[in-house]
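**Student:** Listed below, chain by chain, are the residues.
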Amino acid sequence: MTPGSIVFMILILGLYGGGFAFFMNKAFGAKK
Amino acid sequence: MQQKKSETFATRFGFIAAGIGMAVGTGNVWRFPRVTAANGGGAFLIALTVAMFVYAIPLLLAEMAIARKTRLGTIGAMRDFMGKKFTWVGGWLALVALGVMFYYSVVAGWTIKYLVLSLQGTFSGPDITPEVTESIWLTFLDTPVQTILFHGVSMLFGAIVIYKGVTAGIEKVTKIMVPTLFVLLTLVMIRGVTLPGAADGLVFLFTPNLEVLLGSRVWLEAFTQAAWSTGAGWALLMTYAVYTKDEEDLSVNCFIIGFGDVLVGLIAAMAILPTVYSLSPTIEAAQAAMGSGNNGLIFVYLSALFARMPGGTIVAVIFFLALAFAALSSLLSMIEVGVLNLMDAGWERGKATIYVCVAGFLVGVPSAYSINFLDNQDWVWGVGLLISGLLISVAIMKYGVEKVRNEDINHAHSDMVIGPWWSFMIRIFPAVFAVIFGWWTWQSIGWYPGEWWKPFEVFTPGTMFFQWGVGAIILIALNDKMANWIRPGTFDLEAQSQASMKKEG
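The listed protein sequences derive, respectively, from chains A and B. Everything in the first sequence is counted per this note's numbering, starting at 34 for the first residue and increasing by one. Everything in the second sequence is counted per this note's numbering, starting at 18 for the first residue and increasing by one.
Okay, chain A solo, but in the shape it has when bound (with noise of 0.2 Å):
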């Protein structure tokens, strides 16, 4: 793979699957 697919994997991925937990976390992570 070139570097640059490595680093678009990551950001896409990053994005999706970052996103996803990011949301995940505020729909039930710990409540202040």
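Treat the hints with care, since some could be wrong.
[Stated by the list, open to error] Between beta-carbon pairs, the in silico distance windows are:
id, chain 1, residue 1, chain 2, residue 2, range
1, B, V200, A, M34, 21 to 31 Å
2, B, A516, A, I43, 47 to 57 Å
3, B, R444, A, A54, 29 to 39 Å
4, B, I331, A, A54, 26 to 36 Å
5, B, N389, A, I43, 35 to 45 Å
6, A, F61, B, I300, 23 to 33 Å
7, A, G51, B, N427, 22 to 32 Å
8, B, R504, A, I43, 21 to 31 Å
It should be emphasised that the hints constitute simulated quantities derived from the structure, not laboratory data. It should be emphasised that the depicted structure is a prediction, and the values quoted were computed from it without experimental measurement. All C-beta atoms in this analysis are idealised placements derived from N, C-alpha and C, irrespective of residue type, glycine included.
Given chain A's structure and the hints, the job is docking chain B onto it.
**Tutor:** Only chain B this time, still in chain A's reference frame:
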């Protein structure tokens, strides 16, 4: 007298699982990887991300807001939200969702059949070539007893779950199916990316050919994928949101469903593309697989590739189980659209379920019998869903975009404030619709030079407009009957307007 729904999702996770189950369907598994590969890989993913924020998420939020305000199925919701003379709009939403349900149950049946085949060890051994799997696929399609039987099995599964109700049926089942689906697809992905040469598939998926973004096709495909994959504008999430509690958040739930949907597509793509590129004997064979359409990719090529994969027999079972879960969890939401509308008319859930599922089975039989008929229905109601999206955006604009955002989306229990970007996206929606709808219609005219108007061809604009026209005329004729048929909900636009006029007077 105004009534509230007595049934509700018992937990927030239950609603989210049902919502993701609704959104994630066969399209995530077989369309997402194929369309991504055909449209510049990474470039398509960038366009899809834009489409998610311009099309899918705004529309899903709009659906949930309408449902929460009216607490009725599509017909009653549009009667109360838009006014009595627009009741037919709710009828249209139900018609299109059920139009999809009739053939989608057949597709779900295919996935069950392939799960059974994989359990029997069909996709193992050196003799399993694409020619053999193509023959298995065509033989299956040409055996109506089988296609109708498996269509019946999927509809029976849907009937049992929906009959049990929201908490004991939909919530209980999707809380198991959706997380399992994530795990199963992840297992197939791990197997795919650890195959020798898998990187070729990943390069194809994640190389951002940015010049592709200068063309129009990638954008149109991305917006179409966002609409069809997330279920935005289908009124399926609108139906489920009727059963949420008053204090339930809309915005974060909506983002979870939207992001979860794309995430499943990405996992499926990372499972399928490396497998295809690693195990195909030549790069041309891999490209032939990716260009062979949804059914060809999965039921012909991938099935054959499982036979070449170490541990492929087990991977095939896991994959087809995941595919069946994806299909069946979406089918549930389509059945519920019909059932909720009948319940709003005073029917018991059990009776409504039996009528919808028996009708669903019978009307689905022609699609099980003929792939051309199924393709025609997929074309007509698939594009019809874009119109449903347009109608939902118009409904929001008619009521007041800012009013909905301030009162219904950003309510006291919201976990996240939705900014004015949402209002902007809803307002530009008709223009976005015109471009996508115009593109599909224009393309289909090119498929049938000189014959595009014919109503009995598989993919003509003529067949779309003919079937929509018949449906719309019947619905408009029945407008008042439908308006009186549905019980009152929790909100009535006309009653509210009269009350405020009296107050002012």
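**Student:** Decide, hint by hint, whether the structure agrees.
**Tutor:** Hint check:
1. Take B/V200 and A/M34: their Cβ atoms lie about 26 Å apart, and the range 21 to 31 Å holds.
2. Distance hint for B/A516 and A/I43: a CB-CB separation of about 56 Å, consistent with the stated range 47 to 57 Å.
3. With their beta carbons about 32 Å apart, B/R444 and A/A54 fall inside the hinted range of 29 to 39 Å.
4. The beta-carbon spacing between B/I331 and A/A54, approximately 29 Å, falls within the hinted interval of 26 to 36 Å.
5. Hint check: B/N389 to A/I43, Cβ distance near 44 Å, so the stated range 35 to 45 Å holds.
6. Against the hinted window of 23 to 33 Å, the Cβ-Cβ separation of A/F61 and B/I300 comes to about 44 Å, which falls outside the hint.
7. In this structure the supplied range 22 to 32 Å holds for A/G51 paired with B/N427, their Cβ-Cβ distance being about 24 Å.
8. For the pair B/R504 and A/I43, the supplied restraint of 21 to 31 Å is violated, since their beta-carbon distance comes to about 52 Å.
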